[in-house]
Each structure stands twice: as structure tokens, then as C-alpha cells.
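*Asks:* Single-letter residue listing:
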Amino acid sequence: MGKVIVVTSGKGGVGKTTSSAALGAALAQNGEKVVVVDFDVGLRNLDLVMGAERRVVYDLVNVIQGEAKLTQALIRDKRVETLYLLPASQTRDKDNLTPEGVEKVIAALKSAFDWVICDSPAGIERGATLAMRHADIAIVVTNPEVSSVRDSDRIIGLLDSKTLKAENGERIEKHLLLTRYDANRAERGDMLKVDDVLEILSIPLLGIIPESMDVLRASNVGAPVTLADGRSAPALAYFEATRRLKGEDLPVTIPGEKRSFLGKIFGRKAA
Amino acid sequence: MTDVLTQPRPIRLKGRSFLALALTPELPVADWLVRLDDLAARSAGFFLRRPVVLDIDGLDIDRQELRELVEQLSSRNVRVMGIEGARTSQLGPDMPPAMTDGRPAADFEAPAESETADKDAIDSVESAAPVPAPQQPVTAAPSLIVSRTVRSGQSIFFPEGDVTIVGSVGSGAEVVAGGSIHVYGALRGRAMAGSTGNAEARIFCRKLEAELIAIDGFYKTAEDMEPELRGKAGQIWLEGETIKAAILG
Numbered sequence: 001m002g003k004v005i006v007v008t009s010g011k012g013g014v015g016k017t018t019s020s021a022a023l024g025a026a027l028a029q030n031g032e033k034v035v036v037v038d039f040d041v042g043l044r045n046l047d048l049v050m051g052a053e054r055r056v057v058y059d060l061v062n063v064i065q066g067e068a069k070l071t072q073a074l075i076r077d078k079r080v081e082t083l084y085l086l087p088a089s090q091t092r093d094k095d096n097l098t099p100e101g102v103e104k105v106i107a108a109l110k111s112a113f114d115w116v117i118c119d120s121p122a123g124i125e126r127g128a129t130l131a132m133r134h135a136d137i138a139i140v141v142t143n144p145e146v147s148s149v150r151d152s153d154r155i156i157g158l159l160d161s162k163t164l165k166a167e168n169g170e171r172i173e174k175h176l177l178l179t180r181y182d183a184n185r186a187e188r189g190d191m192l193k194v195d196d197v198l199e200i201l202s203i204p205l206l207g208i209i210p211e212s213m214d215v216l217r218a219s220n221v222g223a224p225v226t227l228a229d230g231r232s233a234p235a236l237a238y239f240e241a242t243r244r245l246k247g248e249d250l251p252v253t254i255p256g257e258k259r260s261f262l263g264k265i266f267g268r269k270a271a
Numbered sequence: 001m002t003d004v005l006t007q008p009r010p011i012r013l014k015g016r017s018f019l020a021l022a023l024t025p026e027l028p029v030a031d032w033l034v035r036l037d038d039l040a041a042r043s044a045g046f047f048l049r050r051p052v053v054l055d056i057d058g059l060d061i062d063r064q065e066l067r068e069l070v071e072q073l074s075s076r077n078v079r080v081m082g083i084e085g086a087r088t089s090q091l092g093p094d095m096p097p098a099m100t101d102g103r104p105a106a107d108f109e110a111p112a113e114s115e116t117a118d119k120d121a122i123d124s125v126e127s128a129a130p131v132p133a134p135q136q137p138v139t140a141a142p143s144l145i146v147s148r149t150v151r152s153g154q155s156i157f158f159p160e161g162d163v164t165i166v167g168s169v170g171s172g173a174e175v176v177a178g179g180s181i182h183v184y185g186a187l188r189g190r191a192m193a194g195s196t197g198n199a200e201a202r203i204f205c206r207k208l209e210a211e212l213i214a215i216d217g218f219y220k221t222a223e224d225m226e227p228e229l230r231g232k233a234g235q236i237w238l239e240g241e242t243i244k245a246a247i248l249g
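Those protein sequence lines, which keep their order, are chains F and S.
Quick note on numbering: the first sequence equals residues 1 to 271 in the UniProt record's numbering.
Quick note on numbering: the second sequence equals residues 1 to 249 in the UniProt record's numbering.
FYI, nobody ran anything at the bench for these hints, they're computed from the structure.
No experiment lies behind these values; they were computed from the predicted model shown.
A portion of the hints provided could be inaccurate.
Calculated pairs, DMTMM-like style, for lysine to aspartate or glutamate (alpha carbon to alpha carbon, straight line, at most 25 angstroms) [what the hints assert, rightly or not]:
hint	chain 1	residue 1	chain 2	residue 2
1	F	Lys-193	S	Glu-223
2	F	Lys-193	F	Asp-136
3	F	Lys-110	F	Glu-67
4	S	Lys-232	F	Asp-196
5	F	Lys-193	F	Glu-211
6	S	Lys-232	F	Asp-95
7	F	Lys-165	F	Glu-103
8	F	Lys-193	S	Glu-209
9	F	Lys-193	S	Glu-228
Here's a subset of chain F near chain S, in silico, CB distances under 7 angstroms, partners left out [as the list claims (entries may be wrong)]:
hint	residue
10	Lys-33
11	Ser-147
12	Asp-153
13	Arg-154
14	Gly-157
15	Ile-203
Idealized CB from N, CA, C, for every residue including glycine.
Excised from the complex, chain S in its bound form (with noise of 0.2 angstroms):
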């Protein structure tokens, strides 16, 4: 048993962001899919290799409607990976699974007449999509403060950014933050940063007792945390894929 938990490299838990296409269906679904006909009919390979989410928040169709709208989809050569803002009554096993939490991106562009190749327009879209970037005003990266202790069995996970909890983590909760984590109290739970991808995270905590620890995916239970930090404050930071640890001042 003790063989196996000593791998020198542990497998990574990252988390990733994709932009992905979202095709909102309207009903009746037979007059959409004519329409969708019509701009695939203008580029050939429009959602060849775009990943496709279906935003169906509010349409009216019972889960063999849905089924069916899928496998139409597919026969067009459109793969649906995901189903945004469905009932748990419209999805089944055999369904492409249920995204939450979609944020609002730059809008494709749908392509233009008389599109030759395959590669033209899909190139045409994705310049399409980074222009309006730079417009966008400059916004404070989100935070979350949980100003009070966080109780064993409890979990936060905030995924956009940094997690300053004003108290505690008991033993048993965990926290997962996209960003840093900082613990003004004893951190005795599990605690990781990073989550999204982020190897600059650190966690902070004023008295370490963590169960586990995680960067970006690189993590360290308590047994193999050295000793000596045990108790005091701590920082813990990514060095490569080294978990490092330190006395804070």
C-alpha cells in the first residue's frame, strides 16, 4: 500500500477554460434547424471542430425532443459537448452532460457568403473573437472573504479567484480557490489554490495543520509536510512541481 502512495509524480487535477460555442434552439426546433442549415450551407465546416454547448434555459421540450435535437445536431456534423440550463427531467445517461456556471464571451461571428475552405472561415471567426478584447475596461481580478470559520464539512470553492477566510478552516472543510488562499486563523482542513491552472497561487495561513495542500494540481498531504512547520504561520508556494513551504515572519 505505502508503494503505491509514494508515486514521485502524483496525477495532476487541473482545471481549464474553453471557449466554446453556444447555440441557443429555438422552437418550433424543425424552422432552427433550417436556419442552421442555411449558415452551415454558407461554410461547410463551421462546427467541424468547434466544441458546441446548447443553451437551452427556458425551451420548452421534454427529454426525447432533446434527444432528438441532439442526434439531429450530430447528423449536421454539430457535436454538442455540453446542455446549459436544463431541467434534470430533460437529461438522461446517453445525453451530453450539464454545464452550469457559463460566463459571457465574445460572440462569434457567423461566417460570411461565398466561403471557399474549411480553414478560411474558421480562421475568420477566431481572429473574429479576440478584437473586442482590448476595449473592455480593466476589472479587479473577483475575490471571495468568508469572514467566519469555515466548519468541517464544509467546502468552498470559488473558482475565479483568490479566498481570504477571517478564521479558520476546521478539520474536514476544504477550500478551493482559483487564486491564493489566505487563512487568518489555524488552516486544519484541506486547502487548494490554483485550481484553475494557476502555478503563481500561493496559500497563506497563520497556523498551518492542513490535512492537504494543492497548487495547481501539485499537492502534499500532512505526512509529508516537514515538521517543524507544524503549528506556525506559513506561506506555501510552486516552485516547478515542488510544493514549497516556509515560516512566515
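This is chain F alone, in the form it adopts within the complex (with noise of 0.2 angstroms):
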């Protein structure tokens, strides 16, 4: 039996999208059975960044509308063979998903894979809602800026009451992916500090992503930023959030921290 993830946030350009299809292209890379599935119905981005907008035939409203079967909907990547792709319908929208529907698909989805990653959409409505209604284990994307951050607040407060798993009084593994984290705009100020981040969402954090060129040249390419170049920084920091995803104790590192000689005589330069 898979597990189910979903990554979502709140605020819409955070990077769920970027961080779904990096998380689980890395899963698969080790050999796990991963498929992504996007929750996006109407606004599809994950097949751009998977690299896959040419081969789309059928999507999830055509899968739970019963229109075309899921073996037929899905699409494998060219890379790496044991990663999946479930798109999003362009032309419906988030109406067309139904609760009933969604169980099914999820259902389907976590006896065929190891992980399933749900990527959920920006708001609070009902595509958000339904990405997160089966979830094992939640990841909250988060810029450290205060609108991001107060929106995850508020989708931290949904994963605790609208999820079956609250419904059923367990607890919703919770973990904060901090993205787009630029280190000398955290010195100067003018970005939140990754303690007050976590001092304000009280959940354990899963790892920093820092901003980088190299996710936008990776999405124009069409690749998840851990295929097109699993060296970049942002790569780097996305492989070690799936180690601790899967229960491995690596402390996290901010990004930018100064490791030089001359770093260790004048001091760190922590954010």
C-alpha cells in the first residue's frame, strides 16, 4: 500500500508544483514506484514541468467521469521509468471533481504505487480540499514572506479538520518545505527568518530550497529540477527532503551559509 502526499500551501506561486514533480522524480530515482498527480483541473501546470504536455491524452476528470480508464490516463516518464504522470483536464474545471470520485482514484492509485503526490492547487476550495481529503502526510509549501506564510497557517488549520484522516481524530503528518529562500535578502531583512517561519507554523521542517535560476531553466526544459541537474543547489536540498521524508534524521542546512575559511574566523553568516 502507497502512501499519499500532498503538497499544497495556500498561496498560489510558491512552488507546489516545482516541488511535486522534484520530490517525485528523486522517490523514483531510487527505484520507488512514484506517480504525481495534478489537482490543478483547468489551471494544468505539472505536465509542463514533467515534460509531458505533448502526450496527453486522457486526465483525472476523464478517468473519474468514468470517460477513460486510469491505466489509459496515465503517463510514464521518458527518464525514469518507475515515475508517473496523472494530468489535469484544461478544458473542465474543479467542479468536475467529485469526493466519490477522487476516493476511487486515490484508492486505485496507492494499491498500484509506493507514493502517490498529490499537487494540490493554490485556494482553500474545493480542489485544494479534495487534494488533501486522502492524505497520509501533508507537505506545506512556504515562501518566508508573510502572505505565504499566513496562508499556510491557514492551510495547516484545513489539513487538521478537512482531511479524512482528522475526520477519523488521527493526526496528518505535517511538514514545511521552505522554498524560494534567498539568503542575502534574509541577511538584509527584507525576507523572513527561517526560525520566525517555524516559531509562527509550529511544524517540523522538511527542508529550504533556495532560489535559483536553475528551476525555471529546468521547467522551460520540461524536467523536474532533480532530473535536468541533479547537482544544482536546488536539487541538492530537494534529494535531501526526500531522505527525510522517508524517516532519515539529516539536519537541516540554510542555504548560503558561508563555510569558507574566512566565514569560520569573522563568524557564520546565519539568515
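Relying on the hints, combine the two individually framed chains into one complex.
*Replies:* Given below as C-alpha cells:
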């Protein structure tokens, strides 16, 4: 039985789709069977980031409405054979998602894959609540700035009330993924400090992904950043996050910390 | 715009408790109305100045029948101000509003035979009501303890007494209490204490970063709070009509 992860945030544009693809690819590269599911019906992006936009025939809504079988809609990645994508529809909208339909699809995916990663849309309405409904683990993607932090706080509240796990009285495992972290801006005080974000949100930190041009380059070539350039700073951070997700107790390093000889003399420059 | 916002006397939003007379109609409605007429006949103005709530919990009538019942009652000078225990399908916009969270209070005594003046009837009933009160045992004021952080968008509403939060109150969250509010963490959202009309209520927190605080309807937004207090452990109380705040110990 696979584990269902929801990658959510509340705020739009913080890195949910990028992170879903990157984490999915990282897990699959270790040989695990992974499917990434795009829940952003009508505004789909996961297919672009995965480089599969020219191969989409059927999508999640087709499967829910019985117009296609799940196996017909799943798109296998050309680079990593254990990585699959279930795209969203672009012509319909979130009203076409039904709770029963989503339940059936997730149940089928859980039995066939080790990891089911649900890329949630932004917001707190139907698309987001259905994406989180069947999750065992939630990754809350947050940028270190005030609007994103407040929206993440809201989403964490919803994770504790609108998921099946919460309704059954269990606690859903929540992790914070801090994305688009810019060490220089943090030092200048233009960005919230990691400690401030952790104090407000109070959930364990999965990782800090630095702001980087590599992410943009990767999505432009249609590859998750962990496949496009596995040695780039964000990719390395995603690989570490994957290890922590699987239970490894890896300490989180704040990107941009100068570990040079001079840095050691003049003291650590931490955000 | 700023002129409007800096009015010295902001509008007070108060809560108030009233004791209402609850009538519980029974089927068939026509027979029940006969019994009500009998009661009213014994005292001409029994219902005249009394706010009446209709308790129809479990009563099998539809919206039209309920509307007719309310009309029948108002033709008998019984003015229904709310309906308790109704399903949404039974109510409509032209009918008295739904009432919830009613609590039992001392029963009203029915007027005895041969009452003459309206005033006598009302007085005797009102004096009957407080009599059982001194015999009630002393009970502690209820309080609510929330042992987790209150997240943005969540709302804690507890008009019965104090609220204690073991955790923080997130930005965009709100806590409304009839009594005092104690936050063992950072208060970043809204806290409204003394909501049912208690000017003695206070707000305590370990880190004051509130967006809005209110006591007994008087409120202050973050903009009007003293900047020295921000981020510190604070206590907020009401003096007359002014909100006062100070750093805690």
C-alpha cells in the first residue's frame, strides 16, 4: 500500500508544482514507484514541468467521469521508468471533481504505487480540499514572506479539519518545505527568517530550497529540477528533503551559509 | 477614509442575555391552541409584553403549517421572537429567526384563576421566577481550554466564560469569550473578551502581536496600540471606556 502525499500551500506561485515534480522524480530515481497527480483542474501545470504536455490524451477528470481507464490516463516518464503522471484537465474546472471519484482514483493509485504525490491547486476551495482529503502526509510549501506564511497557517488549519485522517481523530503528518529562500535578502532583513516562519507555523522543517535560476531552466526544458541538473543547489536540497521524508534524521542547513575559512574566522553568517 | 476610522466613539457590539418564555406546541395544533386560549383567558395580558420563543424540536409540521401557527399566535397577542429546534426547511425569511443554544432556566408559573389586572399577572410570574435561584448549588464558571495553536481562519467562540489557549493564536484567527482570554503563546489574531457584556474581562498573552483586541465591545486595532508593548508579554483591560494595556511582569 502506497503513501499519499499532498503538496499544498494556500498561496499560489510558491513552488507546489515544482516541488511535486522534484520530489516525485527524486523518489523515483531510487527505484520506487511514484505517481504525481495534478489536481489543478483547468489550470494544469504539472504536465509542463514534467515535460509531458505533448502526450496528454486522457486526464483525471476523464477517469473520474468514467470516460477513460486509469491506465489510459497515466503517462510514463521517458527518463525514469518508475515515474508516472496523472494530468489534470485543461478544458474543464474543479467542479468536475467529485469526492467519490477522487476517492476511487486515489485508492486505485495507492494499491499500484509506493508514493502518490497530489499536487494541490492554490486556494482553500474544492480543488485544494479534495487534493488533501486522502493524504497520509502533507507537505506545506511556504515562501519566507508574510502572505505565504499566513496562507500556510490557514492551510494547516484545514489539514487538521478537512482531511479523512482528521475526521477520524488521527493527526496527519505535516512537513514544512521552505522554498525560494534567498540568503542575501534574508540577511538584509527583506525576507522572514527561518526561525520566525517555524515559530509561526510550528510544524517540522522538511527542507529549505534556495531561490535559483536552475528551477526556471528546468521547467522550461520540461524536466523536474532533480532530473534536469542533479547537482544544482535546489536539486541537492530536494534530494535531502526526500531523505528526511523517508525518515532519515538529516540536519537542515540554511542555504547560503558561508563555510569558507574566512567565514570561520569572522563567525558564521546565518540568516 | 481616515476621518471615519478615527471616530472617538466606535460602535459597541454587545452581547445580551434575556430570559424568554418558551412555548412548546403539541400536535394537533388546533387542540393546543384551545389550551393556550384557556390559559390566556385566565390572564388577559399574560403574553402581552413577554418575548416568546417557540420550541418546535421534534414537532412534525412543515413550513406552511408553522407559518400559520405563528399567525394564529400573533392574532392572540403572542409575539414569537424566535423559533428553537427548527429544521432549515421549516423556516423562511418572513418568519421569526432560528434560535440556538438555549439553556433551561426557572420555569414560569402559569397565572392562577381570577386574575384581574394585567400588571398583577406579570408581577406574580416575575416574582415566581427568581425564587428557586438561591437553592441552586454553587457551580464554577465554565471555561474552555484549547491545547493547540489556533490557526489562521479558525474561530473559537465561547460566550459562557474564560478561554485559555495553550499555544498561539495565528494571524487571521479569532477568539471570542464571554470571560477573559489567556494565551500561553503569541497572540497574532483577534481577541474579544467580555463579549456578553463583562467589562471586568481581561486579555493576557505571552507575546502581544494582536490585530484587534476588544473588551465588552470596546476595541482597539494594532495600529492604535502602543508600539512598546508589541512582542512583549501583555495584559489588556478596560478602564471605563478606555482599553488599557501593560507589560506583564
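*Asks:* Against each hint, give a clear statement of whether it holds in the structure.
*Replies:* Here is what the structure says about each hint:
1. Proposed proximity of Lys-193(F) and Glu-223(S) is supported: the alpha carbons are some 24 angstroms apart, at most 25 angstroms.
2. With a C-alpha separation of about 29 angstroms, the suggested pair Lys-193(F) and Asp-136(F) falls outside the 25 angstroms cut-off, and the hint is violated.
3. With a C-alpha separation of about 21 angstroms, the suggested pairing of Lys-110(F) with Glu-67(F) holds against the 25 angstroms cut-off.
4. Under the criterion of a C-alpha separation no larger than 25 angstroms, the hint pairing Lys-232(S) with Asp-196(F) is consistent with the structure, at around 15 angstroms.
5. Taking the CA atoms of Lys-193(F) and Glu-211(F), the gap is near 15 angstroms; set against the 25 angstroms cutoff, the hint holds.
6. Between the alpha carbons of Lys-232(S) and Asp-95(F) the distance comes to roughly 46 angstroms, so the proposed pair goes past 25 angstroms and is violated.
7. With a C-alpha separation of about 13 angstroms, the suggested pair Lys-165(F) and Glu-103(F) falls inside the 25 angstroms cut-off, and the hint holds.
8. Proximity of Lys-193(F) to Glu-209(S) is assessed by CA-CA distance (about 17 angstroms); at most 25 angstroms being required, the pair is judged to hold.
9. Between Lys-193(F) and Glu-228(S), the direct Cα distance comes to roughly 22 angstroms. Compliance with the 25 angstroms bound is thereby established for this hinted pair.
10. Taken as an interface hint, Lys-33(F) does not check out: its beta carbon lies about 34 angstroms from the nearest beta carbon of chain S, beyond 7 angstroms.
11. The criterion of a C-beta within 7 angstroms of any C-beta in chain S is not met by Ser-147(F), whose closest approach is roughly 10 angstroms, and the hint is violated.
12. Interface restraint check: Asp-153(F) against chain S, minimum CB-CB distance 4 angstroms, threshold 7 angstroms, status holds.
13. Hint status for Arg-154(F): holds, given a least beta-carbon distance of 4 angstroms to chain S, under 7 angstroms.
14. A hinted interface residue such as Gly-157(F) counts as satisfied when its beta carbon comes closer than 7 angstroms to some beta carbon of chain S; here the least separation is about 3 angstroms, so the hint holds.
15. Of the supplied interface hints, the one on Ile-203(F) is violated, with its beta-carbon coming no nearer than about 10 angstroms to a beta-carbon of chain S, more than 7 angstroms.
The structure fails to meet hints 2, 6, 10, 11 and 15 from the earlier list, while all remaining hints are met.
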